[in-house]
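Protein sequence lines correspond, in order, to chains A and B.
Going by numbering that gives the first Met the number 0, 79 is the number at position 80 of the first sequence; the sequence numbering is gapless.
Going by numbering that gives the first Met the number 0, 73 is the number at position 74 of the second sequence; the sequence numbering is gapless.
FYI, nobody ran anything at the bench for these hints, they're computed from the structure.
Hints may be right or wrong, so weigh each one.
[Stated by the list, open to error] Taking lysine to aspartate or glutamate pairs in the DMTMM-like style, the calculated list, with each CA pair at most 25 Å apart, reads:
1) B/Lys197 x B/Asp271
2) A/Lys13 x B/Asp2
3) A/Lys116 x B/Asp2
4) B/Lys197 x B/Asp222
5) A/Lys116 x A/Glu71
6) B/Lys192 x B/Asp160
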Amino acid sequence: MSAPFYVSPEQLMKDRADFARKGIGRGRSLVAVQYADGVLFVTENPSQALHKVSEIYDRIAFAAVGRYNEFENLRIAGVRLADMRGYAYDRRDVTGRGLANAYAQTLGTIFSSGGEKPYEVELFVAEVGEVASQDQIYRLTYEGRVGDEHGYAVMGGDAETVEAHLKEHYREGATLEQALQVAVAALGHTQTEDRVIATDDLEVAVLDRTRSQPRKFARIVPARLQALLGERGATSSGPGGAADGPDGPATDASDDAPVAPPG
Amino acid sequence: MTDARLPAAFTASGSSFHDFLAAHQPDLLPSTRSLGPAGSGTSAGDLAPHGTTIVAATFPGGVVISGDRRATMGNVIAQRDIEKVFPADEFSAVGIAGTAGIAVEMVRLFQVELEHYEKIEGSTLSLDGKANRLATLIRGNLGMAMQGLAVVPLFAGFDLDAGQGRIFSYDVTGGRYEETAFFSVGSGSLFAKGSLKKLYREDLSEEEAVTVTIQALYDAADDDSATGGPDLTRRIFPVVRVITAAGGRRLTDDDVAQVADRVIAGRMTRPDGPGAPLLGGTTTGGER
Numbered sequence: 000m001s002a003p004f005y006v007s008p009e010q011l012m013k014d015r016a017d018f019a020r021k022g023i024g025r026g027r028s029l030v031a032v033q034y035a036d037g038v039l040f041v042t043e044n045p046s047q048a049l050h051k052v053s054e055i056y057d058r059i060a061f062a063a064v065g066r067y068n069e070f071e072n073l074r075i076a077g078v079r080l081a082d083m084r085g086y087a088y089d090r091r092d093v094t095g096r097g098l099a100n101a102y103a104q105t106l107g108t109i110f111s112s113g114g115e116k117p118y119e120v121e122l123f124v125a126e127v128g129e130v131a132s133q134d135q136i137y138r139l140t141y142e143g144r145v146g147d148e149h150g151y152a153v154m155g156g157d158a159e160t161v162e163a164h165l166k167e168h169y170r171e172g173a174t175l176e177q178a179l180q181v182a183v184a185a186l187g188h189t190q191t192e193d194r195v196i197a198t199d200d201l202e203v204a205v206l207d208r209t210r211s212q213p214r215k216f217a218r219i220v221p222a223r224l225q226a227l228l229g230e231r232g233a234t235s236s237g238p239g240g241a242a243d244g245p246d247g248p249a250t251d252a253s254d255d256a257p258v259a260p261p262g
Numbered sequence: 000m001t002d003a004r005l006p007a008a009f010t011a012s013g014s015s016f017h018d019f020l021a022a023h024q025p026d027l028l029p030s031t032r033s034l035g036p037a038g039s040g041t042s043a044g045d046l047a048p049h050g051t052t053i054v055a056a057t058f059p060g061g062v063v064i065s066g067d068r069r070a071t072m073g074n075v076i077a078q079r080d081i082e083k084v085f086p087a088d089e090f091s092a093v094g095i096a097g098t099a100g101i102a103v104e105m106v107r108l109f110q111v112e113l114e115h116y117e118k119i120e121g122s123t124l125s126l127d128g129k130a131n132r133l134a135t136l137i138r139g140n141l142g143m144a145m146q147g148l149a150v151v152p153l154f155a156g157f158d159l160d161a162g163q164g165r166i167f168s169y170d171v172t173g174g175r176y177e178e179t180a181f182f183s184v185g186s187g188s189l190f191a192k193g194s195l196k197k198l199y200r201e202d203l204s205e206e207e208a209v210t211v212t213i214q215a216l217y218d219a220a221d222d223d224s225a226t227g228g229p230d231l232t233r234r235i236f237p238v239v240r241v242i243t244a245a246g247g248r249r250l251t252d253d254d255v256a257q258v259a260d261r262v263i264a265g266r267m268t269r270p271d272g273p274g275a276p277l278l279g280g281t282t283t284g285g286e287r
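Bound-form chain A, shown alone (with noise of 0.2 Å):
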């Protein structure tokens, strides 16, 4: 047996830091903008059935991009950990702080452990308060690195070309329709072009604290979407670049009423 080659700690990180980041920038961006009345989020996901968003609580949602199977798992286990919560204490005892800390502590671990690959993922953990001033959206990377946004977020794809278009034309205090707009636009936005993303390959949802049940989480089916978006032009596809996990047949969009693409 050969005694193996010395690897310094710098280039071990550097190496599975790079390879993280390789994963994740692969796929396609996703978007989360603070408007008045909470969160909203929107990537491109052509598949109805298999969500890159998702509601953990009442106030909580979770938004992830990277590799699918990752990144469900972790999905899974925010939904048990807030549900055993809620239920051990109270519904107003599941924070989106309490959250972020266990999937910090979780890809901080499995980052620094030597057996196993680190997760290619990035996320989101966005929680609705009373007031606009009372929201937070968590960002966490790979690595357990835990960030806390204001006003916008990118992840994924190429997120830097995205959020320089949203920082051109963010405002604060928009309302669903002015935020959504902004976002698509973003993620339409590339070095070269200016994109018309199709209804059916946007995946919208909100945490709007003005809906009456106390779980405030909302995906935005076509109908209401292309109505919010209003004419836009001509559409085309995405970039070439190979999509991550949800790219799957669109199976199971039971309730959400099918509409041709505008155009």
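Got chain A; can you put chain B on it based on the hints?
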């Protein structure tokens, strides 16, 4: 190195919250508690408040489930405004009779169970699936039921596939029975069922169905000391939930009070309530 990540149970497969708790934190489950050796004098059932009568009735387009407001502990009224009818999810509700503490805990677990499934799977359980999950929870309580802490719920919901309201009853062993038209559980259920038999028709409107359940609860309270009648001085009236294709809602106290006041006004002239024709023979009788 300590592993700070979420334990493996959090990512294990399965969509049942009950099963997850059983694997990860069984002490949170009502069914894992033990009472110690039985048979030392008093039954455990005498130590805790009991909920009493629940009635449910279907009508074209939905189902009504109502419960009185009394909890008793032996001869004492433990609480006069307890709530025993709860929403299970958007399209179903559960009313509880039996040991109140365990029943309320079981309902909370059932509510989380349904929501948990919905979030994990991205779709809701069928009404039969929900009824079966509740049966599993009751079955887990059998040991305590044998020691006097029985829970007997009544489950009602709107079946979106069948387009109608449905009612399920249970026994302490978790046996699940679908009931047609109407049903009642709890100490006053014998009287409530007798009342429902005479008043129920298949073509009731939503408001009439609500009235029928209030009448049945009145009759139950009339003859069963553990069932609370309308409390006129404190204005405490039954909890009523109506479930239709549009979802479930609890009737406001004012709405229930209006119905209850009409029922009571009728009983001022005929204390035993509306009389049924001796030889009815028709299901669509006019005046009651």
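Tell me if the straight-line CA distance from lysine 116 of chain A to glutamate 71 of chain A falls inside 25 Å.
This hinted pair holds, its Cα atoms lying about 17 Å apart.
Between lysine 197 of chain B and aspartate 222 of chain B, does the CA-CA distance stay at or below 25 Å?
holds, 16 Å
Between lysine 197 of chain B and aspartate 271 of chain B, does the CA-CA distance stay at or below 25 Å?
holds, 12 Å
Given the hint that lysine 116 of chain A pairs with aspartate 2 of chain B, does the C-alpha gap stay at or below 25 Å?
Distance ~16 Å between lysine 116 of chain A and aspartate 2 of chain B Cα, so the pair holds.
Verify the proposed pairing of lysine 13 of chain A with aspartate 2 of chain B, using a straight-line Cα cut of 25 Å.
holds, 22 Å
Is it true that the CA of lysine 192 of chain B sits at most 25 Å from the CA of aspartate 160 of chain B?
Violated, at roughly 28 Å.
The structure does not agree with numbered hint 6 stated previously, though it agrees with all others.
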